[in-house]
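Trainee: One line per chain: the protein sequences are A and B, in this order.
According to the numbering used here, the stretch in the first sequence is residues 1 to 275, in order.
According to the numbering used here, the stretch in the second sequence is residues 1 to 255, in order.
In case anyone wonders, no lab produced these hints; they're calculated from the structure.
Don't take each hint at face value.
With a straight-line Cα cutoff of 27 angstroms, these simulated DSS-like cross-link-like pairs (lysine-lysine) come out [unchecked claim]:
id, chain 1, residue 1, chain 2, residue 2
1, B, Lys253, B, Lys173
2, B, Lys253, A, Lys153
3, B, Lys173, A, Lys145
4, A, Lys145, B, Lys253
5, A, Lys153, B, Lys173
6, A, Lys34, A, Lys141
7, A, Lys34, A, Lys89
8, A, Lys141, B, Lys222
9, A, Lys141, A, Lys153
Quick partial rundown of chain A residues pointing at chain B, CB under 7 angstroms, derived from the structure [claimed, not checked]:
id, residue
10, Ala72
11, Arg93
12, Tyr100
13, Leu102
14, Arg104
15, Ala106
16, Pro109
17, Ile123
18, Gly125
19, Gly146
20, Phe147
21, Tyr151
Built from N, CA and C at the ideal position, the CB exists for glycine as well.
Okay, here's what each chain looks like letter by letter:
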Amino acid sequence: MTLMEKSLGTVLAEPTISGGPGSVVIDNVSIEFKAAGVLAVSNTSLNVASGEFVSIVGPSGCGKTTLLNLAAGLLPPDVASGTVLVGGKPPVRGNRDIAYMLARDALCPWRTALGNAELGAEIRGVPAEVRRARALDLLDKVSLKGFENAYPKALSQGMRQRVALARTFGLDSPILLMDEPFGALDAQTKLQLEDVLLGLWQRERRTIVFITHDLSEAVSMSDRVIVMSARPGRIIADVPINLGRPRSVRALQKDPAYHELYAYVWTKLEEGLSQ
Amino acid sequence: MNEATWSSGRIWITRLVVVVAFFSFWEWISVTRRVDPILIGAPSGILHFMYQEVFVTHSLLEDFAYTLTATLLAFGLGSVGGILTGMLFVMRPNIEAVLSPLLMALNSMPRIALAPLFLIWFGLGIGSKIALGFSLTYFIVLTNTVAGGRGVNPDHITLAHTLGASGSQIFRKFTLPSAVPVIFNGLRLGLVFALLGVIGGEILASEHGLGGALQLLAASFKTSGVFAVIIFLAMVGVGITFIMSWLENRLLKWR
Ligand SMILES: Nc1ncnc2c1ncn2[C@@H]1O[C@H](COP(=O)(O)OP(=O)(O)O)[C@@H](O)[C@H]1O
Ligand SMILES: [Mg+2]
Numbered sequence: 001m002t003l004m005e006k007s008l009g010t011v012l013a014e015p016t017i018s019g020g021p022g023s024v025v026i027d028n029v030s031i032e033f034k035a036a037g038v039l040a041v042s043n044t045s046l047n048v049a050s051g052e053f054v055s056i057v058g059p060s061g062c063g064k065t066t067l068l069n070l071a072a073g074l075l076p077p078d079v080a081s082g083t084v085l086v087g088g089k090p091p092v093r094g095n096r097d098i099a100y101m102l103a104r105d106a107l108c109p110w111r112t113a114l115g116n117a118e119l120g121a122e123i124r125g126v127p128a129e130v131r132r133a134r135a136l137d138l139l140d141k142v143s144l145k146g147f148e149n150a151y152p153k154a155l156s157q158g159m160r161q162r163v164a165l166a167r168t169f170g171l172d173s174p175i176l177l178m179d180e181p182f183g184a185l186d187a188q189t190k191l192q193l194e195d196v197l198l199g200l201w202q203r204e205r206r207t208i209v210f211i212t213h214d215l216s217e218a219v220s221m222s223d224r225v226i227v228m229s230a231r232p233g234r235i236i237a238d239v240p241i242n243l244g245r246p247r248s249v250r251a252l253q254k255d256p257a258y259h260e261l262y263a264y265v266w267t268k269l270e271e272g273l274s275q
Numbered sequence: 001m002n003e004a005t006w007s008s009g010r011i012w013i014t015r016l017v018v019v020v021a022f023f024s025f026w027e028w029i030s031v032t033r034r035v036d037p038i039l040i041g042a043p044s045g046i047l048h049f050m051y052q053e054v055f056v057t058h059s060l061l062e063d064f065a066y067t068l069t070a071t072l073l074a075f076g077l078g079s080v081g082g083i084l085t086g087m088l089f090v091m092r093p094n095i096e097a098v099l100s101p102l103l104m105a106l107n108s109m110p111r112i113a114l115a116p117l118f119l120i121w122f123g124l125g126i127g128s129k130i131a132l133g134f135s136l137t138y139f140i141v142l143t144n145t146v147a148g149g150r151g152v153n154p155d156h157i158t159l160a161h162t163l164g165a166s167g168s169q170i171f172r173k174f175t176l177p178s179a180v181p182v183i184f185n186g187l188r189l190g191l192v193f194a195l196l197g198v199i200g201g202e203i204l205a206s207e208h209g210l211g212g213a214l215q216l217l218a219a220s221f222k223t224s225g226v227f228a229v230i231i232f233l234a235m236v237g238v239g240i241t242f243i244m245s246w247l248e249n250r251l252l253k254w255r
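Given the sequences, and given the hints that come with them, work out the whole structure.
Mentor: Spelled out as structure tokens, the structure:
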């Protein structure tokens, strides 16, 4: 609320675009950490439609995380200008429309896999039987059947990130914000988890904004890939990925169309680096 | 250095041989008066004393009960106080900023120097012993609680914020559980120090308790009796450590 009021005065006279449920609208947004003297994001606009899978790539430090944090209402109110609408509403911390997933799994070591998968829904007050049933179903979908009662210390990194996926999808939020969720995994595990994620997404088609520094990951999973420049981050390319659905990330590795798109996004990213 | 590892049976037997040899040697130099028994007592005397005081007069058991009561009260009060203060500090950093230096100054006082004051305030009975044990346990548990509360994973806090967790949810579901192992370390130490404080207090002024018994026996040069009490105390210490480890393994099996 405060953010939008501020933005009305500073940059826009009226919000010109209004997003529906499940959409994310970022219009002419700049983010400056004045205390640190850092302009992280500059005049960025981006619309993500409901049910769309959009990836954002860009060099490290270009403001990708900051942009997600803005949408999730995690930034202090006075650092951003412009308009942001998440599900048609200005961003607020704890917005139930949003499920957020971090690069590190952030599992609670004192909870079992099941307890962790339930955690998000538990905090948001979903009744115990409902969230448990959902968590069990999701653990099954991420191939962790039989590990429900295992503690995180007994799980591999890939398995832990599967639990984190279950925790994220265990929320009924229409918008998923993911900040390099597979960034810490080895290549093999990453491929597996990308297919797990696509599988989960293709069931429900929720909106995903997916941040990564891995181009192949972005191209193989997304409907669109957004390329950002080095800091201060701006959008320098918005590439539609016209590959069929449902997709399998592993099958795509042999598809020439995929490699063409990959090369194209790569060129764009290079341009952004050399500017 | 690449010595073959002994079986546990062989280790136990060798250990037993070492112990028997040690006590036999002790008995021998004492009986043959190569060293004055006033200085070193004798294992036979220690055994006799133990048997008498435990099974015949029960006086060692009574002293033990007295010391144990004081220790558990000091530990209970000290750890509840330490945990509550610690939690308050974690939730209200301003209160910590004000009080922490004062408490640390208190904590750096040599506790035994406060004993005479505690005697004036709480009398010669169990009160002053509890006070001394409390004054040690409280600070140890407090420090560990604060450290544990600070040690919460920042990713958990970010996650909690995106989930819209309330302050009390963050505390119950993230801060507290992540602090428990560190608090537990504090409790383990706190119990040992509660015992130390109580024994110290009893040695200074008490006719009861194991510390009182030690003082009395030493004053009348019953050296075997002194050794008997010390050995008894060592067993109590081992027992405490064992119980705490058992509890920890049960409560913190996720580690
Ligand atoms: N709270 C903050 N205060 C000051 N500077 C920040 C803050 N958060 C991020 N930054 C800066 O903003 C820039 C973008 O950061 P970030 O969004 O994390 O980049 P990335 O694209 O790698 O995710 C970086 O230069 C970072 O140092
Ligand atoms: Mg980042």
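Trainee: The structure should be examined with respect to each hint, and the outcome stated for every one.
Mentor: How the hints compare with the structure:
For the suggested pair lysine 253(B) and lysine 173(B), the alpha carbons sit about 17 angstroms apart, so the restraint of at most 27 angstroms is met. Restraint check for lysine 253(B) and lysine 153(A): satisfied, since their Cα atoms lie roughly 11 angstroms apart, inside the 27 angstroms limit. With a C-alpha separation of about 25 angstroms, the suggested pairing of lysine 173(B) with lysine 145(A) holds against the 27 angstroms cut-off. Distance restraint check for lysine 145(A) and lysine 253(B): the Cα-Cα separation of roughly 21 angstroms lies within the 27 angstroms cut-off, and the hinted pair is therefore satisfied.
Simply put, lysine 153(A) and lysine 173(B) have alpha-carbon atoms about 18 angstroms apart, close enough for the 27 angstroms limit, and the pair holds. A C-alpha spacing of about 44 angstroms is found between lysine 34(A) and lysine 141(A), which places the hinted pair above 27 angstroms, so the restraint is violated. Taking the CA atoms of lysine 34(A) and lysine 89(A), the gap is near 26 angstroms; set against the 27 angstroms cutoff, the hint holds. Pair hint lysine 141(A) plus lysine 222(B) does not hold up; C-alpha atoms about 74 angstroms apart against a cutoff of 27 angstroms.
Pair hint lysine 141(A) plus lysine 153(A) holds up; C-alpha atoms about 21 angstroms apart against a cutoff of 27 angstroms. At about 5 angstroms, the closest approach between the beta carbon of alanine 72(A) and any beta carbon in chain B falls short of 7 angstroms, and the interface hint on this residue holds. Taking 7 angstroms as the C-beta contact cut-off toward chain B, the hint placing arginine 93(A) at the interface holds, the least distance being around 5 angstroms. Taken as an interface hint, tyrosine 100(A) checks out: its beta carbon lies about 4 angstroms from the nearest beta carbon of chain B, inside 7 angstroms.
At a threshold of 7 angstroms, the smallest CB-CB gap from leucine 102(A) to chain B is about 6 angstroms, leaving the interface hint in force. Here the hint on arginine 104(A) is kept, as its CB sits about 5 angstroms from the closest CB of chain B, short of 7 angstroms. At its closest, the beta carbon of alanine 106(A) sits 4 angstroms from a beta carbon of chain B; the interface hint therefore holds under the 7 angstroms criterion. Hint status for proline 109(A) relative to chain B: holds, with the closest Cβ pair at about 6 angstroms, below 7 angstroms.
For isoleucine 123(A), the suggested interface contact is upheld, since its CB lies about 4 angstroms from the closest CB of chain B, less than 7 angstroms. With a least beta-carbon distance of about 9 angstroms to chain B, the hint placing glycine 125(A) at the interface is violated under the 7 angstroms criterion. With a cut of 7 angstroms, the hint placing glycine 146(A) at the interface with chain B is violated, because the nearest CB-to-CB distance is about 18 angstroms. At about 14 angstroms, the closest approach between the beta carbon of phenylalanine 147(A) and any beta carbon in chain B exceeds 7 angstroms, and the interface hint on this residue is violated.
This hint holds: tyrosine 151(A) has a C-beta 4 angstroms from the nearest C-beta of chain B, less than the 7 angstroms allowed.
Comparing the model with each numbered hint stated earlier shows that hints 6, 8, 18, 19 and 20 do not hold.
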